[in-house]
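Chemist: Residue numbers (my numbering), protein chains in the order written: chain A, 1 to 212; chain B, 1 to 481.
No lab work stands behind these hints, which were simulated from the structure alone.
Hints should not be assumed to be uniformly reliable.
[Unchecked claim] When the alpha-carbon atoms are kept at most 27 Å apart in a straight line, the in silico DSSO-like pairs for lysine-lysine are as follows:
| id | chain 1 | residue 1 | chain 2 | residue 2 |
| --- | --- | --- | --- | --- |
| 1 | B | K460 | A | K17 |
| 2 | B | K460 | A | K54 |
| 3 | A | K67 | B | K460 |
| 4 | B | K401 | A | K13 |
| 5 | A | K17 | A | K88 |
| 6 | A | K74 | A | K207 |
| 7 | A | K54 | A | K67 |
| 8 | A | K74 | B | K401 |
| 9 | A | K206 | A | K13 |
| 10 | A | K206 | A | K25 |
[As the list claims (entries may be wrong)] Rough simulated footprint, nothing fancy, chain A against chain B, three-plus residues with beta-carbon under 8 Å:
| id | region |
| --- | --- |
| 11 | 91-102 |
| 12 | 401-411 |
| 13 | 426-439 |
Just so you know, these numbers come straight off a predicted model, no measurement behind them.
In this text, a Cβ means the ideal position worked out from N, Cα and C, and glycines have one as well.
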Amino acid sequence: MAEFNALTESVIKGDIKSAVAETQKALETGQDIQSIIDDGLIRAMDDVGERFSKGQIFVPQMLRSAKTMQECMKLIQPHFKEGDVKAKGKVVIGTVKGDLHDIGKNLVSMMLEGAGFTIIDLGVDVNPEAFVEKVKETEADIMGMSALLSTTMPAMRHTIDALKEAGIRDQVKVMIGGAPVTDDFAREIKADAYAPDAGSAVIQTKKLLGLS
Amino acid sequence: MKVNKGTSLPFYRPLNPAHIEKIDGAARWILEHIGIKIHDRHFLELMDQGGATVDSATSTVRFSAERLDKALAEAPRKFILHSRDGLNDIRLGEDRVYFTNGGRVFRALDVNSGNYRLTTLEDVANTAALVNRLAHINFYIIACQAHDLEPEHYHLNDFYHAFNATSKHVMGGCDSLVGVQQVWDLAALMAGGEQQLKERPFFSVITNPISPLTIESNTLNILGFCCSHGIPATCAPAPICGATAPATLAGALTQMHAEALAGVAIAQIFAPGSKVLYGAVLTAMDLRTMDFTMGSVEMAMMNAAAVQLAKRYDLPIYASAGVTESKRPDVQAGSEKSFSNLMVAMAGGDCVHLAAGMLDSGNSISYEQYVIDNEILGMVQRILAGINVTEETLALSVIQKVGPGGNYVMEDHTIDHMMDEFFYPDLCERHLFDIWVQQGRPNMLSRATAMVENILEAHKDCLDPQLNSRIRSAFPGIKDV
Chain A
1 MAEFNALTES VIKGDIKSAV AETQKALETG QDIQSIIDDG LIRAMDDVGE RFSKGQIFVP
61 QMLRSAKTMQ ECMKLIQPHF KEGDVKAKGK VVIGTVKGDL HDIGKNLVSM MLEGAGFTII
121 DLGVDVNPEA FVEKVKETEA DIMGMSALLS TTMPAMRHTI DALKEAGIRD QVKVMIGGAP
181 VTDDFAREIK ADAYAPDAGS AVIQTKKLLG LS
Chain B
1 MKVNKGTSLP FYRPLNPAHI EKIDGAARWI LEHIGIKIHD RHFLELMDQG GATVDSATST
61 VRFSAERLDK ALAEAPRKFI LHSRDGLNDI RLGEDRVYFT NGGRVFRALD VNSGNYRLTT
121 LEDVANTAAL VNRLAHINFY IIACQAHDLE PEHYHLNDFY HAFNATSKHV MGGCDSLVGV
181 QQVWDLAALM AGGEQQLKER PFFSVITNPI SPLTIESNTL NILGFCCSHG IPATCAPAPI
241 CGATAPATLA GALTQMHAEA LAGVAIAQIF APGSKVLYGA VLTAMDLRTM DFTMGSVEMA
301 MMNAAAVQLA KRYDLPIYAS AGVTESKRPD VQAGSEKSFS NLMVAMAGGD CVHLAAGMLD
361 SGNSISYEQY VIDNEILGMV QRILAGINVT EETLALSVIQ KVGPGGNYVM EDHTIDHMMD
421 EFFYPDLCER HLFDIWVQQG RPNMLSRATA MVENILEAHK DCLDPQLNSR IRSAFPGIKD
481 V
């Protein structure tokens with residue numbers, strides 16, 4: 001097994017600059033690509049995950065390490081043969097029509113981005129047509145909707161209806177969240193998943209895409 | 001967060017400067033004209049030789065303004081209650097606030113049954129082990145009576161088991177001269193000699209006058225021993241507003257101030273330079289029923305005011321806060337404890353005792369309450385640490401870097417400061433409702449129960465095994481728990 005201690009350390013520290021330099025060095029010296037990923041990057045992220053679950057590091061540090069790994073992967077990707085790399089998943093996200101509260105949605109976006117997903121953030125007060133159009137355009141895997149007000153929750157149902165009318169309901173998984181939203185409500189409007197907080201949103205996204 | 005232990009920003013002042021002078025003047029008048037009753041000819045003679053005014057007909061000792069000021073001038077403004085590991089020294093008189101638990105209760109709460117049981121020696125060892133681990137309880141006071149012990153080796157045992165369970169400073173009440181002598185002998189062996197112990201005393205002694213205006217001879221025996229041996233001590237009056245002190249807060253403060261200053265002055269007559277804390281344990285009666293109240297809001301106000309009175313003379317204070325009438329760790333306990341701990345801490349009390357572990361008007365302890373109070377005290381210490389305003393904390397460069405619409409989560413600035421800026425509670429609920437339900441609806445008490453178990457399970461004896469075997473052969477009166 002090749003040693004990538006310096007790379008691993010840099011990813012754990014979330015030091016993007018030195019991790020990228022270490023990755024570059026490994027590629028230039030002809031190290032096995034799979035080994036750079038497995039013994040360098042993934043080993044680091046396993047360690048980060050363990051430290052996080054023990055409370056030794058906090059969310060910002062975990063996200064920074066994840067971002068560091070992504071930057072390294074950008075360098076590695078051109079060296080893969082066609083078909084080797086599967087993009088992790090695209091997520092279209094926004095707060096529903098009539099709702100201007102975006103703190104929760106932004107936290108979810110940040111966490112998903114940190115976990116390696118591509119985020120297309122439509123912002124706030126997004127009408128159903130705009131969601132549908134963006135899902136079509138980007139061929140998104142996940143559509144995330146957020147509502148803080150119980151009065152705007154019905155817009156989640158309307159947006160799902162709009163996906164059906166456009167004939168693309170089967171092509172995208174729908175995840176919802178927000179303070180008044182519940183698991184029962186998600187089932188009632190036939191969303192595919194409900195996430196009570198940003199951390200759960202990452203777990204649910206991975207589940208929906210068969211990544212965990 | 002890494003709380004700066006004992007950082008203080010005293011900004012709660014219930015008395016204005018004119019009030020302080022009025023109370024102080026009245027207390028000095030009491031000491032000059034009424035005096036302190038001492039039923040002991042030996043001590044009356046000693047006070048007479050020391051320049052106090054003794055009236056043998058009424059067995060009272062009075063202090064002229066001159067004699068009082070001379071004695072108070074001899075009392076050290078700063079001294080240290082040493083920890084054995086040197087990591088938890090209590091630096092008195094340096095504008096720092098420290099917290100400690102309360103002592104000498106007779107029963108403990110069994111959280112599962114909701115009933116109380118009599119305390120034993122094991123409770124001394126366990127509460128000391130808890131304090132050893134709890135970061136915001138800065139030193140340990142012998143928490144309870146050991147009902148499973150004969151009186152003759154009482155203090156030897158409770159101090160020994162406290163020393164074995166914590167390397168923080170240990171303070172305790174002593175009932176007898178023999179008891180304090182035993183503790184001295186034990187501590188001297190641990191320190192490697194009497195001189196070493198005098199240089200770094202890692203235990204101290206609590207004595208109390210009897211309000212109003214009386215000191216028992218046994219109390220003076222113990223206080224005198226401490227003064228002549230360099231053991232830090234307090235002679236802390238505990239007047240009860242409406243019973244053993246006037247029903248007005250100002251009147252109770254005046255009498256308490258006279259009693260506390262007398263304690264400091266008498267210690268200086270015993271031995272000039274004695275390390276003595278101005279002591280204050282003010283409480284009140286609920287005059288509707290004559291129930292004793294330690295958790296009243298007036299208690300909080302008076303004990304905060306007492307800090308101002310001690311600071312009138314720059315004396316370090318053994319202050320009181322954090323008590324409740326509640327019988328369980330509940331809403332009443334949390335609110336009463338938070339009020340008084342915060343107010344007395346914000347007044348700048350050097351060491352705030354009773355601050356952790358107690359319930360039931362100071363009659364009872366609960367292990368869980370130690371852990372809960374530690375969290376309350378952590379928040380109080382965070383408040384005292386204040387808001388740090390520097391070029392770096394103003395964060396202008398990162399605000400510019402992130403710009404409108406961005407976020408700060410992954411910025412270096414966030415990671416650099418997140419440990420120091422926030423207090424991270426162990427017991428308080430912070431998750432969303434659904435996550436909380438998934439976790440089985442935990443609360444402060446259920447988390448505290450688990451934490452107590454973890455601490456006691458992981459606890460290791462503090463005394464080195466070799467030293468311990470020397471102690472055990474030198475003191476056959478020590479019992480195992």
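Chemist: Decide, hint by hint, whether the structure agrees.
Modeler: Each hint tested on the structure:
{"no.": "1", "hint": "B/K460 to A/K17", "verdict": "violated, 44 Å"}
{"no.": "2", "hint": "B/K460 to A/K54", "verdict": "holds, 22 Å"}
{"no.": "3", "hint": "A/K67 to B/K460", "verdict": "violated, 42 Å"}
{"no.": "4", "hint": "B/K401 to A/K13", "verdict": "holds, 21 Å"}
{"no.": "5", "hint": "A/K17 to A/K88", "verdict": "holds, 23 Å"}
{"no.": "6", "hint": "A/K74 to A/K207", "verdict": "holds, 24 Å"}
{"no.": "7", "hint": "A/K54 to A/K67", "verdict": "holds, 21 Å"}
{"no.": "8", "hint": "A/K74 to B/K401", "verdict": "holds, 24 Å"}
{"no.": "9", "hint": "A/K206 to A/K13", "verdict": "holds, 24 Å"}
{"no.": "10", "hint": "A/K206 to A/K25", "verdict": "violated, 31 Å"}
{"no.": "11", "hint": "91-102", "verdict": "violated (count 0)"}
{"no.": "12", "hint": "401-411", "verdict": "holds (count 4)"}
{"no.": "13", "hint": "426-439", "verdict": "holds (count 5)"}
Consistency with the previously given hints fails for numbers 1, 3, 10, 11, ordered from lowest to highest.
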